[in-house]
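Going line by line, the protein sequences match chains A and B.
Just add 669 to the spot in the first sequence (first one is 1) and you have this note's numbering.
Just add 169 to the spot in the second sequence (first one is 1) and you have this note's numbering.
Simulated from the structure, these hints should not be mistaken for laboratory data.
Warning: the hint list may mix true and false statements.
Interface residues of chain A toward chain B, partial, derived using beta-carbon atoms under 8 Å [what the hints assert, rightly or not]:
hint	residue
1	K671
2	P672
3	F675
4	Y677
5	A681
6	S682
7	Q703
8	N710
9	M711
10	R860
11	H862
12	G863
Quick reminder that beta carbons are idealized off the backbone N, C-alpha and C, glycines included.
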Amino acid sequence: MKPAPFAYHKAASLADAIALLGQHSDARLLAGGQSLIATLNMRLSAPTLLIDINGIAGLAEIAVQDRAGKSFVEIGALVRHAQAERSDLIARHAPLIARAMPFIAHPAIRTRGTLGGSIAFADPAAEMPACLLALDGEVDAQGPDGKSTIKAADYFQGLYETALGSQDVLTGFRVPAADKDSRFGFAELARRHGDYAIVGLAASARAHGAGLADVRLAFFGVGNTPLRAEKSEAALAAGDIEAAVAALDLDPHDDIQATPEVKKHLAGVLLRRVAAQLMEAR
Amino acid sequence: MAELIMDITLTVNGEPVSERVEARKTLVDFVRDDLGLTGSHVGCEHGVCGACTMRVDGEIVRGCLMLAVQCDGATVETIEGLSDQGEVADLQAAFEQRNALQCGFCTPGMVTAAQAILLQAKASGTVPSREEIREHISGNYCRCTGYHAIVDAVETVAKARAGAKA
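Could you put together the complete structure from these sequences and hints?
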C-alpha cells in the first residue's frame, strides 16, 4: 500500500522540531524511518506532518564521558545501527550493544535505522529497549520545558508507550561504560535472522569472586515492554542456573509467532545460554 | 515550510535529476514511476522482502522505507546504474552460471545487497564465509531458488575477486 498524504518538514534545529510538535498534535518525528515508514505504507498511522530530524546537527555522536565520577557511553539519537556496529567505542565500552547489533533487522535497514528511534518507538520485541533496561541506562529528552533525563526503569510504560511527552524529542541516551568486571549476555530466537524476536534476552552482571552480582535480565518479546526477571536474577547471583530458569515468572501473550507456553519454554532456553555467557571471563 | 509537494534535486546513477514529488512518495516509487527505472522492484512495501534494495550515498537501503524527499541532495544508485557501470558484471554472470535466479523478481535487490558484502570484504581483505553471506542476504527474500545457488554465486565472486586482487 501507499501512505496517506502528509506534509514534510526538515527540521533545522531541536527548537524548530519541538515548536512544530506543539503546533501539530498529530505530527510524527522521522529519524531512521525503518518502523515509521512501514506503518505509513500500511496506513497503520496517518499523521498530517512528518518532522524530519535527520538534518539536526550534533545528534549522531558516540562518546565516552565521565559524569559524577562514573564513566558513561553517550549515544546521540541519530546514531545509526550500522554506525554503532562499526564503532570501536561501542565495541570496547558498550559490548552488550555491540553484541545486539547484528540481530537487528538486516544490513540495508541498519544503515538507516537509529538506536534512538528504536528506544523512542519502544517496540516490545525490539533489541535496543531491552539493552537499555539491562544496562540500567537513561534517556535524554528535550521539550518545551527544557531538558530532562529519564531512567530506563521509569521510561518504558506500556505497549509503544514511554515517559516521553507529546512534544519531547529523544536527543540521546547513555549507558554505564563497561569495566573489567562487567559481564554481558545476549541471545534471541527468531524465525528468520533479523526478524522480530519470538523471545530475546539482554543481560548484564558484575563478576563477584567466582560468581555474579548485580544481575540484570531484560527479556523482550514476552510482554508490553522489556521485562526484568528479578527472581531469576537473584537465583543467578546465587549461582543456580536451573533455579533461575524455574523462577522465571514471565506471563507472555500469544502472538502470530508462538503460544505463551512456547515463549515461556524458549525464555528458559535463552536464560541458560545467556547465563553461560555471563559467566565467561571477558 | 512543510509541504505536501516538494521540489528535490539529486543525483541518480550519475545524472542530475530535479523533480517535483509528493512528500508521501517512497524512493522506490519515485525511481520507478517518475524516472522510469523499473529495475528496483516493489514487493512487500514494508521493509521485509528486500526487492527494492538500492544505494543512497554509498550505503544499501530499503527503497520502500525512505521517502523521495529525504533524498534531496543525495546520490542514489539503482541496479541500472550498477549494471551500466559494469560494477556487478561478474556477479550477474555468476548468478546466470549458477542458476541463482529463476523468476528474477528478487535479483536486482539480491545483486545490490550481495555487492555490499563483497565491497566490505574487499575493503577488509577477507573472503566472506557461506554463513556470513547467508546472514548478509537474510533480508532479501527469494521464493524460487532456495538460496543455495545464490550463496554459490556470491561465494564464487568473492573468491574470484580476492584471487584477482592478490
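Hints, verified against the model:
For K671 of chain A, the shortest C-beta to C-beta distance to chain B is roughly 7 Å, which falls under 8 Å, so the interface hint holds. Given the 8 Å rule on beta carbons, the hint for P672 of chain A holds: about 4 Å separates it from the nearest Cβ of chain B. A hinted interface residue such as F675 of chain A counts as satisfied when its beta carbon comes closer than 8 Å to some beta carbon of chain B; here the least separation is about 6 Å, so the hint holds. A distance limit of 8 Å between C-beta atoms decides the matter here; for Y677 of chain A the minimum to chain B is near 4 Å, and the interface restraint holds.
With 8 Å as the threshold, the beta carbon of A681 of chain A stays out of range of chain B, its nearest partner Cβ sitting at about 12 Å, so the hint is violated. Here the hint on S682 of chain A is broken, as its CB sits about 15 Å from the closest CB of chain B, past 8 Å. This hint holds: Q703 of chain A has a C-beta 5 Å from the nearest C-beta of chain B, less than the 8 Å allowed. Residue-level restraint check for N710 of chain A holds (minimum Cβ-Cβ distance to chain B is 5 Å; threshold 8 Å).
Interface restraint check for M711 of chain A: the shortest CB-CB distance to chain B comes to about 6 Å, inside 8 Å, so the restraint holds. The beta carbon of R860 of chain A comes no nearer than 11 Å to any beta carbon in chain B, farther than 8 Å, and the hint placing it at the interface is violated. Given hint, H862 of chain A at the interface with chain B, holds; its Cβ is 4 Å from that chain's nearest Cβ, closer than 8 Å. Against a cut-off of 8 Å between C-beta atoms, the interface hint on G863 of chain A holds, since the closest Cβ of chain B lies about 5 Å away.
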